[in-house]
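Residue numbers (numbering that gives the first Met the number 0), protein chains in the order written: chain A, 0 to 395; chain B, 0 to 286; chain C, 0 to 316.
Please keep in mind that the hints were generated in silico from the structure rather than gathered at the bench.
From a predicted model like this one, the values you see are computed outputs, not experimental measurements.
Take every hint as true, because none was put in to throw you off.
For each label pair, taking beta carbons as the anchor points, the in silico distance ranges come out as:
hint	chain 1	residue 1	chain 2	residue 2	range
1	A	Lys-343	C	Leu-92	38 to 46 Å
2	C	Thr-279	B	Asn-55	25 to 33 Å
3	A	Arg-391	B	Asn-55	45 to 53 Å
4	A	Lys-395	C	Thr-279	39 to 47 Å
5	C	Trp-210	B	Asp-173	30 to 38 Å
6	C	Leu-162	B	His-87	43 to 51 Å
7	B	Leu-73	A	Arg-166	56 to 64 Å
Covered by chain C, per the in silico footprint, the following chain A stretches (three or more residues, Cβ under 8 Å):
hint	segment
8	43 to 57
9	72 to 83
10	115 to 121
We treat Cβ as the ideally placed atom computed from N, Cα and C, and that holds for glycine.
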Amino acid sequence: MGKVNRRQLVKAGLGLAGLAVSSRFSFAIAQREEPIRIGVVLSYSGPYARLGQEITRGMELYLERVDYQAGGRRIQLLKEDEEADPAVAVRKVRKLVEQDRVHLLAGIILSSSAYGIRDYVHERQIPLVVANAAANGITRERRSPYIFRTSISAWQQHYPMGPWVARNVGKRVFLLALDYAFGKEATAAFKEGFLASGGEPVAEVYVPLGSTDYSAVISRIAAARPEAVFAVLSGSDAVIFMRQFVQFGLNRTVQLAVSGEVTDENVLEAIGDAAIGAKSGDHWVYTLNNSANREFIRAYRQKYGGVPNHFAVRGYDAMQFIVGALNDVQGDVGNKSRLLTAFKNAKIISPRGFVQIDPETNNATQHVYAREVARIDGVLTNRLIADLGVIRDPGK
Amino acid sequence: MALLLLTQLLNSLAFAMLLFLLALGLSLIFGVARVVNLAHGAFYMLGAYLGLVLTNALGNFWLALLLVPLGVGLLGVAVERFLLRGLHGRELEQVLLTIGLGFVIADLLRGVFGAAIRSVPPPPELSGPLFLGAFLYPKYPLFVLGLGVALFLAVRLVLARTPFGIQVRAVTADPDMASALAVPPARVSLLTFGVGTALAGLGGVVGAPLIALAPGLDAQMTLFALIVVVIGGLGRIEGAFWGALLVGVVDGFGRLFLPQAAMFLIFALMALVLALKPEGLLGRRVA
Amino acid sequence: MMAWIPQKALKEWRRGLPWLMRGGLWLLFLAPLLVQGYTLYLATEAALFGLAAVALSFLLGHGGIPSLGQAAFLGLGAYAVGLSLKAGLPLALGLLVAPAVAALYALLTGLLLFRTHGIFVLMLTLAFGQMVYSVAHKWNAVTGGDDGLSLQGTGLSPTLLHLGALGLLVLAVAGLRLLLQSPYGKTLEAIRQNEEKVRSLGVPAFYYKLWAYVLTGALTGLAGAGVALHRTFVSPHDLFWLTSATLMVMVLLGGSRGLFGAAFGALLYTFVQAWVSSFTELWGLFVGGLLILTVLFAREGLWPLLERKLGGGRGSA
Numbered sequence: 000m001g002k003v004n005r006r007q008l009v010k011a012g013l014g015l016a017g018l019a020v021s022s023r024f025s026f027a028i029a030q031r032e033e034p035i036r037i038g039v040v041l042s043y044s045g046p047y048a049r050l051g052q053e054i055t056r057g058m059e060l061y062l063e064r065v066d067y068q069a070g071g072r073r074i075q076l077l078k079e080d081e082e083a084d085p086a087v088a089v090r091k092v093r094k095l096v097e098q099d100r101v102h103l104l105a106g107i108i109l110s111s112s113a114y115g116i117r118d119y120v121h122e123r124q125i126p127l128v129v130a131n132a133a134a135n136g137i138t139r140e141r142r143s144p145y146i147f148r149t150s151i152s153a154w155q156q157h158y159p160m161g162p163w164v165a166r167n168v169g170k171r172v173f174l175l176a177l178d179y180a181f182g183k184e185a186t187a188a189f190k191e192g193f194l195a196s197g198g199e200p201v202a203e204v205y206v207p208l209g210s211t212d213y214s215a216v217i218s219r220i221a222a223a224r225p226e227a228v229f230a231v232l233s234g235s236d237a238v239i240f241m242r243q244f245v246q247f248g249l250n251r252t253v254q255l256a257v258s259g260e261v262t263d264e265n266v267l268e269a270i271g272d273a274a275i276g277a278k279s280g281d282h283w284v285y286t287l288n289n290s291a292n293r294e295f296i297r298a299y300r301q302k303y304g305g306v307p308n309h310f311a312v313r314g315y316d317a318m319q320f321i322v323g324a325l326n327d328v329q330g331d332v333g334n335k336s337r338l339l340t341a342f343k344n345a346k347i348i349s350p351r352g353f354v355q356i357d358p359e360t361n362n363a364t365q366h367v368y369a370r371e372v373a374r375i376d377g378v379l380t381n382r383l384i385a386d387l388g389v390i391r392d393p394g395k
Numbered sequence: 000m001a002l003l004l005l006t007q008l009l010n011s012l013a014f015a016m017l018l019f020l021l022a023l024g025l026s027l028i029f030g031v032a033r034v035v036n037l038a039h040g041a042f043y044m045l046g047a048y049l050g051l052v053l054t055n056a057l058g059n060f061w062l063a064l065l066l067v068p069l070g071v072g073l074l075g076v077a078v079e080r081f082l083l084r085g086l087h088g089r090e091l092e093q094v095l096l097t098i099g100l101g102f103v104i105a106d107l108l109r110g111v112f113g114a115a116i117r118s119v120p121p122p123p124e125l126s127g128p129l130f131l132g133a134f135l136y137p138k139y140p141l142f143v144l145g146l147g148v149a150l151f152l153a154v155r156l157v158l159a160r161t162p163f164g165i166q167v168r169a170v171t172a173d174p175d176m177a178s179a180l181a182v183p184p185a186r187v188s189l190l191t192f193g194v195g196t197a198l199a200g201l202g203g204v205v206g207a208p209l210i211a212l213a214p215g216l217d218a219q220m221t222l223f224a225l226i227v228v229v230i231g232g233l234g235r236i237e238g239a240f241w242g243a244l245l246v247g248v249v250d251g252f253g254r255l256f257l258p259q260a261a262m263f264l265i266f267a268l269m270a271l272v273l274a275l276k277p278e279g280l281l282g283r284r285v286a
Numbered sequence: 000m001m002a003w004i005p006q007k008a009l010k011e012w013r014r015g016l017p018w019l020m021r022g023g024l025w026l027l028f029l030a031p032l033l034v035q036g037y038t039l040y041l042a043t044e045a046a047l048f049g050l051a052a053v054a055l056s057f058l059l060g061h062g063g064i065p066s067l068g069q070a071a072f073l074g075l076g077a078y079a080v081g082l083s084l085k086a087g088l089p090l091a092l093g094l095l096v097a098p099a100v101a102a103l104y105a106l107l108t109g110l111l112l113f114r115t116h117g118i119f120v121l122m123l124t125l126a127f128g129q130m131v132y133s134v135a136h137k138w139n140a141v142t143g144g145d146d147g148l149s150l151q152g153t154g155l156s157p158t159l160l161h162l163g164a165l166g167l168l169v170l171a172v173a174g175l176r177l178l179l180q181s182p183y184g185k186t187l188e189a190i191r192q193n194e195e196k197v198r199s200l201g202v203p204a205f206y207y208k209l210w211a212y213v214l215t216g217a218l219t220g221l222a223g224a225g226v227a228l229h230r231t232f233v234s235p236h237d238l239f240w241l242t243s244a245t246l247m248v249m250v251l252l253g254g255s256r257g258l259f260g261a262a263f264g265a266l267l268y269t270f271v272q273a274w275v276s277s278f279t280e281l282w283g284l285f286v287g288g289l290l291i292l293t294v295l296f297a298r299e300g301l302w303p304l305l306e307r308k309l310g311g312g313r314g315s316a
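Put together the whole structure using the sequences plus the hints.
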């Protein structure tokens, strides 16, 4: 039996290798000029797999719109799995740069991955477009002329919520966040604005990432009797928290004013109608009435079915920035300084409104909105309550 | 404050009973088949996803509660028969095989069901809170609590009174002696593996509405079950029960008062127990 | 099967084969220097994880101590060198501190560990390992928490780093093999085979196992320091128990006895995993399947299997 198995294995291996080679080959033949290769590093496995999938959907949606062309050249995406592990992100970035010779990098889910690859990208002078990682430091003390963030910083997303919650939801608020850099930075930013507007945090609780049970926290909330809960949770943490919040009947007495991550459409799908009425702050809203957003939602629905979410928007916009910059330099990725200047001056009409890169920090300056969970057109999503204005990250 | 503590006690106990379902299976399997089944959390996940599918297809949670453990148990039987039996007596290889199996099951589930987080609503009879005067508590955790205790009593009865139970106890205590007394250890081991994995599957169906369903939960549940079993004593169902209560309460109150250190507390508890009483709180020395 | 080969030549071939294979293995580790770039990066990673795997192989295959907590040593070494550099200490000193810290941790936990046996040791190492992980993950002020710790300005070229890692690996294999030939090593093997009997002869088995554990800890700590310099980055992820499981897979894949198998396993695993994860996100399926197949069909690992096949012997597995 050893022989047959071995032969089959060898065959399968050769087949796979052949597949990999031929797919790369066919691209090269199709285009006389070499395509622009963009290395995409996102988590496709592990706890953030859904985020990676949605960001990729957004990226591909935009690239299809421009027919995978920018600056007169073809665009090729090389996707690698970040595996929710910064060490893997470092390895994959090296692979993309040294083996696949990509011209640009995009993606990055985890802030720790962004920090992990920062020095390498900086030394190698490979432009990186961060499409998700939110740690403030990426465009503050550890910023690099080669690193641009088209998504949003933790501070930007949560600072404007503070005054808004204090004025419109309640002054006595229970603060709850995941115990990692993003949770802490987001809470600190919220508090900054909240305290200045006369808000009064009744408690500040940090819970470990990937908790299976939030009943302890919910008991504390019930005992503290706040007017509202401000929560920074994502993924399964958000789902479990929201479910148990309703199970314990707290939604009858306590309002939710949370990070946009908590009422992301992916999460809402898992929570169900129980989430209706929860308020949040975010940089995109389903009901934003601009043509870019309408076009984005129509295209997303047509291709993937279902309601889009802010991750898909982040992917869509990352590519919109990249394609815009490549058009500016007529596809000449060899001239780094021209390309970087094009990125710095980039402005796009995004589904989230007008977005531009702040040339000082390389972070996207953009609108932040107050939203409320509602059922619209039969799907569970967020509707716009207020525009909190154009927010720029101070960069320090 | 008193209400807070009471609520949290109930929460901890409900979670403890979920851990008990998992730990019971793990413990039985170890006791009889001498296998540390590190794929246990993956069987839990399998049960949870199957429960979700069946509940939606049949529109009935209770039927799923009955059918899913059967299916997962059958898979467990197949795993014992075709993968583990050949490695009899090779503890380390068996552990590694179950690690591999856990990876495979978890990835297949992700391939089929995607990476989205799912949450399963409790059956309508058990959703929403229960009002006891001013005290308000959800019904579902109470159901899990009751189920766990009932199961504990039932399993004790089965082990004490039925022929299968007596065989299980005999093989756990001394496999050589048991086979000398004409107890077929291979068959008992097969059945126990089936029952153990079925319990993990049951845990999945019961646990999904209590917590949620997300990729990565398998490794977490395996770790929890392992800690419970090691603290309580491998191969002892009383150990699994009291171990689960202890871990549930330490975890619950840890989360309440020291949320950042909750996981650390549990591992510290385990290290402490093992350092002082290596065979676990209620364990006997296993040769 | 190979009847047409003269018996004498076959005998010579079989005698020389292990040396040929060992030479071949080191050549495989050296070859990426010619290509540089990403291949070299992976090879350096393989050499460093190889060092940790060889240490585990010594502990598991020869000392009979199953550990699922090696990630703690790796992580302690990595943070030790990272923090030393951050504090402005010279690199050489950091490279001494790393194994020392890991060895100290091994000594402290070992004192508790070896009061138990077998599968309980496995569980305890896991528990201690996860405790270290929790601390590294939570102690933001020192470790940088989830953001990790960046190492700046180590100034080591990839070639130098690779040669250093490979040198350490070769030295570790040679040194540990010598140690196994010594009276200490022979006693350790005897303890693995029958601890009761050795004890009844008045041998303090506890200390034999403890020293093996401390030595393993120091070597793995050194490997961790290397990993930190190599990636110029330390993250608490590396301390999670899956890293320990990965090391176990490497050792088992190559073969837990003889130490060469572990080095081979690390090389094979590193490259295959990197290759597979590039075209499917279900790489866990692949790794899991590989583990199951190895356990079922190549129990003593691929290295001895390869040796037998090349030697023209019939597989006994």
